[in-house]
Amino acid sequence: MIAEAFARRSAPGLALAGEADRIARACHAMAARFQDGGKMIAFGNGAQATDAAHLAVEFAHPVTVGRRALPAISLAADPGVLTGVARTAGFDQVYAAQLYPLAEPADIAVGLSPDGRCENVRRGLAAARDRGLLTVALGGGPMPADHALVVDSADPRVVKEIVVTAYHLLWELVHVFLERPGRLAAEPAP
Amino acid sequence: MTHETLYPGLYAAAPGVEEVLAEVAGSTAEKAREIVALREETGRLHADRLAGCAAALARAFAAGGRLFAFGNGGSGTDGHALAELFANPGPGRRPLPALALTSDVAVITALGNDIGFEVVFARRLAALGRAGDIAVGLSTSGDSANVIRALGEAGRMGMITVGFAGYDGGRMRDRVDHLFVVPSSSVHRIQEAQTTLYHVLWEAVQAA
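One line per chain: the protein sequences are R and Y, in this order. If you count the first sequence from 1, position 24 lands on 24 in UniProt numbering, and the numbers rise without skipping. If you count the second sequence from 1, position 29 lands on 29 in UniProt numbering, and the numbers rise without skipping.
For the record, the hints were derived by calculation from the structure and aren't laboratory data. What you were told as hints is all true, and nothing was included just to trick you.
Across the chosen pairs, the derived CB separations fall in these ranges:
no.: 1; chain 1: Y; residue 1: ALA63; chain 2: R; residue 2: ASP130; range: 50 to 56 Å
no.: 2; chain 1: Y; residue 1: ALA37; chain 2: R; residue 2: ASP115; range: 24 to 30 Å
no.: 3; chain 1: R; residue 1: MET1; chain 2: Y; residue 2: ALA131; range: 27 to 33 Å
Heads up, incomplete: computed chain R residues facing chain Y, CB under 8 Å, no partners named:
no.: 4; residue: MET1
no.: 5; residue: PHE6
no.: 6; residue: SER10
no.: 7; residue: GLY13
no.: 8; residue: LEU16
no.: 9; residue: ALA17
no.: 10; residue: ASP21
no.: 11; residue: ILE23
no.: 12; residue: ALA24
no.: 13; residue: HIS28
no.: 14; residue: GLY46
no.: 15; residue: LYS160
no.: 16; residue: VAL164
no.: 17; residue: LEU173
Chain Y residues, not near chain R, derived (Cβ > 12 Å throughout):
no.: 18; residue: ALA56
no.: 19; residue: ARG66
no.: 20; residue: ARG94
no.: 21; residue: ALA126
no.: 22; residue: GLY152
no.: 23; residue: GLY170
no.: 24; residue: ARG173
Glycine residues also receive a C-beta, built at the ideal position from the N, C-alpha and C atoms.
If we strip away everything but chain R, and leave its shape as in the complex, we get (with noise of 0.2 Å):
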């Protein structure tokens, strides 16, 4: 059983590679909000809260010494809010509720979730869109975002996995583009 549960997560990991283009992309649109004064907020549900906190650390607080700290705030993290709003409007609205007196249009909004169901992220990340956020979404099923990671998957606990790469992935490249500023001036070729 444990040899092949091993065996279950190669397939999906190695597919993650064949996202490295995509990746990189999405790395040079946040490393511009980042130059341009922004900050990253995350958010999800149960194991994806847990990544959206630790996304939110690793941004502010560099693994390696020397990298700037980052403005990073994971909106799962608070209790007093997340109850408060999902008491006054409902568990839909616990993320969108935050991000729209919270989020400034430099911003970017990190959604996750395992299948791209979760209707708390699905309309924070339209409230992110709709105050003029840079939106990126990882899991495990499409979500609205500008630049989206969806893990081929149905295992949750294998998306999780793939997903932590893919985020400290991320972390790595803003500092690369970063770290060259007059790279982010110029636009990709769509």
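Based on these hints, arrange chain Y on the given structure of chain R.
Coordinates of chain Y only, in the frame set by chain R:
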């Protein structure tokens, strides 16, 4: 390794943005393949240990044990993900009692402020835990002082201790009953392989 050696194209004489993107995409694909290989190696290295740990955990849960997970930063979020997976595994799976010790900001800041950051997990574990429970510590270096201290406390209390580390295992090596060291020196690749390790451990506990 410097960025110059990782991404030489970025530092060449003004290549176009498309060339830079291609360069960066190449190294990204390489890292994606690197974690696949590391995950496979980690699986081969720890298959028997995972089976033994899953059996011990299943026995502990059956006897009324609870699981407590803890770590700092990204590893702290892994503690949350691990606890959430055991406690709320979804339809058709058995929920098991599990809690992340980083979950309560009031307790963490109170202990950190009044005593010191080294005791934030150990003190909470001493209050909540009992013999027969399970303590799971996560640290990429294996050396985080508060994680090591809590694992020591758990051992003294008669809890089953499980450790996830990277590099050479650090001080975790002689502190835990079940040790899972990811053979890598990249914090990112270690965390990614650790995520697989605790997912597979959970799956094996469910199957036990």
